[in-house]
Amino acid sequence: MASLGLYNYWLVIALMMIGFYIVITSPNLVKKIIGLNIFQASVFVLYITMGKIIGGSAPILSDQIAVYSNPLPHVLILTAIVVGVATTAVGLSLVVRIYAAYGTMEEDEIEKIEAQEEVPT
Amino acid sequence: MNGETTMLLALAIPVLTAVLIGLLGRWPNMREAVTLVGAGMLFLCVASLTPGVLAGERPELLFIEFFPGLKLSFLLEPLGMIFALVASFLWIINSIYSIGYMRGNQEQKQTRFYICFAVALASTMGIALAGNMLTLFVFYEALTLSTYPLVVHKESEAARAGGRTYLGILLTTSIAFLLLAVVWTWSATGTLDFRAGGILAGEMHGPMVGVLLALYMFGIGKAALLPFHRWLPAAMVAPTPVSALLHAVAVVKAGVFSVVKVVVYIFGLEFMQAEPSTDWLLYMAGASILIASMVALRQDNLKRRLAYSTVSQLSYVTMATAILAPLSMVGAALHIAAHAFGKITLFFAAGSIYTAAHKTKVSELNGIGWRMPWTMGAFAVGSLSMIGVPPTIGFVSKWYMLQGAFSTGQMFAVAVIFVSTLLNAAYFLPVVYAAFFRKPAVGEDSPEHGEAPWPVVLALTLTAAGTIVLFFLPALPLGLAKGLMGL
Amino acid sequence: MLAVHLPVFQVLLPLLAAPVSMLLPGSRVSWVFSTLVSWGCFALSVLLLQQVLQEGSISYAIGGWAAPWGIEYRVDTINAFVLLIVSGISSLVLTGAQASIEREVAKNRIDLLYTCWLLALAGLLGIAITGDAFNVFVFLEISALSSYALIALGSGRRALTASFRYLVVGTIGATFIVIGIGLIYMATGTLNMADMGARLPAVAESRTVIAAFAFLIVGIALKMALFPLHFWLPDAYSYAPSPVAAFLAGTATKVAVYLLLRFSFTIFGGDFAFGAMALERVLMPLALLGIFIASLVAIFQMDVKRLLAYSSIAQIGYMVLGISLVSVTGLTAGILHLFNHALIKSALFMVMACVFYRMGATRLDDFAGLGRRMPWTMAAFVAGGLSLIGIPLTVGFVSKWYLVVAVLERGWWPLAVFILFTSLLAVVYVWRVVEVAYLRPAAEGAGRCEAPLSILLPTWVLIMANFYFGIDSSLTVGVASRAAAALLGIGL
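Same order as they appear, the protein sequences are chains V, R and L. Quick note: the first sequence, position 108, residue 108 per our numbering, numbers continuous. Quick note: the second sequence, position 102, residue 102 per our numbering, numbers continuous. Quick note: the third sequence, position 24, residue 24 per our numbering, numbers continuous.
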């Protein structure tokens, strides 16, 4: 039962695998970005979980509170969220330009076009 | 001027010559004059070192440290002296010959040709004067790379293929085997200096010594020990002056020179005698002599025949070294000089025939001796030296090798020398015979031609004379060769 | 007073300069500005290295918050060396980049390129200098995001897909790293590297730490393109603008190799990483396979930039091989090659910049007759190629020498044979290009078209550095062996 009690971690693993699976299998570049986001979100959950202490309060000093949750991972993950947003932005803008250049954002079609380009050389 | 400064000059002159040739490339006459002056000065420089070395001086130069404890160093000793003398002297003659040949055949890109030649000579000097194995390796590689442009000089498909084989085999053997051997020696002994008596004794024993020797012997691909000889025939696509000086003298002699150096100064004769795992070298070299000679018999292309003869003659040096007797070492050292003079003459003759008659095959040479008496006369002299007939220097070196072989009771070596002498005769004498005593085939269209341009004839006459002069006056090379063994 | 703050300026300078360079009018001005900033970073890294060599490690608390709570910048021999490599390569390449960038990058985006360049530089320097594990992740992403943008600026639409693929892989790699760091934090409660190193042995048995180790190693391996996680690299390097390829080839993967060293030795400790986890048994086969396969693939490339990219993957293999020997000599060889290969590859990619400048492509066929048409450029290629092969008197030889010595020290002579034989594959791929350039005639009527001096000069400076450090290796070997000894915890 102890392992069930750590359900947050199971959630992390599930999210991570779902995200990873999408990144690997989806031919659509936007969906890849979505997958990447889910993948990163799993890490956010991981960090938040590790800082949380059952019964712990927010880290505001007060006489009535004895147990605090660890704020550091939460702060760290703010940074990681910002990084994730930046990555998504760069990724999506690349997709926009790829779509403009190739007329598609399906990876298999792009690969076909690229393979044709290579023939003359 | 002391020995050290002169050594520095000997290393610097060919480099400076290369630079000057590059700067003066637009004026062919100036350029060629620079080559000749450079060659002359180099020889004077090297020659002026000789008396000191004969008297027992060993000038030494130390440069920057490559790795902790491992310096770029130069040390002049008798064997290097022989090699440096031969190479620098023949460079003069070869330059005269080159001028005649390159102009006579209207070759392209002559400036590049002369630059690479000078750089190759600089590398040769580096090898001759190297004071430790790493320095030798550095210049060994430099020699390979600087001669590559000369091999592919014609830029044809054949030249490209030849260049690939050339570079492929020489770099493969040197990087995969020689470098490994050098690093191995370094990690086993902590030094790479050339020391009398060797550096390996006491550091290694058993079958590993034989393996290390194999890495050295096959790694020195320039010594053309079978089966890593194929680069030498491949290099024959180069213009003849290249074949003559580099692939009969500088490059291949750098190979056997390194072989002798390694055996004498890295392994040491006593150590080799004590280790039975090194015996294979003698048999390998003997086999190399015989097989290459038999292949030479069947070559119709004159330069290829000469190339295979070179393969066989190089293995003479290796075998003489492997006999491990002081007298045979003297023979090996002498043979470096003897073969250089003989073979360069033969190549000069082949180039002369090509320039004057545009013929490259042995079967086309019937009766040519009467049209080109100087060339074919010199060819005959060179052949005699290869076979080892007096009065040529080839006889002297073989004599010492035989003495060494008898003194240690190596009957295998004695037999190889006798059989290969017959084989040498079998592939050289028919050429001479056909040139002088056969009539040109009837109906053969052969335009009238006489001798090659005078610089060509002058050069080959000089080297042919050299093989004879050295027979009568062998004091200098003999003195140096004996100095090598402390005799 | 300022000398105390050197470590923070090392990162702050390019970081603050990046937006400024965007605001400057005209691409030329921002080039001059960025180049100066980069040289400034180089000067700082020289000062830092000097200080470290004389006085030992430097510890700098950001904002005065003491470690292990605050972020610490910690400079010891190895990262001072990496800082020097990164800033030096960046400066030299940037100096020669202007003409080539004007030709390869769309006019309205050139300003962006310099901004991203400085950001990437800041990120790479930050990764190297920081002593805080989470900080590593932040800088990793700064450098990665800006290098995606840099690569996407390449001419041709394939740069975009190359950049996208790199983005996906890079993000996964970075996320793996951040997971690993988080797991270590769970086990130790600290983010400071030195502190982690001190606390980890006590909890080394736990599964959390082992999982952290696995995530970190895979993440870093992705970032440094260790075979078989190298697939993003060839596209990224071949479609990026040539100077960007020169910059990234010399720095990005090298910094990742540094991370591998830092995490496996300083944080997890050699005993855990190589003793308990037997990391070398994973790294060595991968390194060997990578060397062999990537070299083989390089031989069959029809595009020279791509060829060099595959060769980079092989060279990463040599570095990792050195590291996986876990001996002072082995680590020295790995660290040496980190420096040496940065010189070699940056020089060769600069040559590509020269060729691209004139020919508009770097396909093998475009090289026909270039030996005559661009003599200086091709001479630089030959010289760089010789260094890549490892001919004596070049840096490539120094690395190879140490690697072979290290392998023989272990008595693994088949491995020595392998190393030397694979360097022959380098002969083949270098010589293919040389043959085409010198022995295949150019198209009719093609005249001499040497690259402009502004690109050629820095290229040759890099080439000369290849020879200088190949002949006098006392500085590089000295620093590398000190760094190796320090990583292994053997007294200085």
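FYI, nobody ran anything at the bench for these hints, they're computed from the structure. None of the values given here were measured: they were computed from a predicted structure. Hints may contain errors.
Claimed, not checked - Pair by pair, the computed Cβ-Cβ distance ranges are: (1) R/Pro-207 x L/Glu-450: 53 to 63 Å; (2) V/Ala-86 x R/Ala-12: 57 to 67 Å; (3) V/Thr-104 x L/Ile-299: 29 to 39 Å; (4) V/Thr-104 x L/Leu-296: 15 to 25 Å; (5) L/Glu-450 x R/Asn-301: 53 to 63 Å; (6) L/Phe-467 x R/Ala-426: 46 to 56 Å; (7) L/Phe-467 x V/Ile-48: 48 to 58 Å; (8) R/Met-30 x V/Gln-116: 48 to 58 Å; (9) L/Lys-107 x V/Gln-116: 25 to 35 Å; (10) L/Gly-64 x V/Ala-66: 28 to 38 Å.
Said to hold, decoys possible - Output of the computed footprint for chain V on chain L, the stretches with three or more beta carbons under 8 Å from beta carbons of chain V: (11) 130–141; (12) 148–156; (13) 215–227.
Heads up, the beta-carbon is just placed ideally off N, CA and C, and yes, glycines get one too.
- Quick one: which hint numbers does this structure break? Sort them smallest to largest. 4, 5, 13
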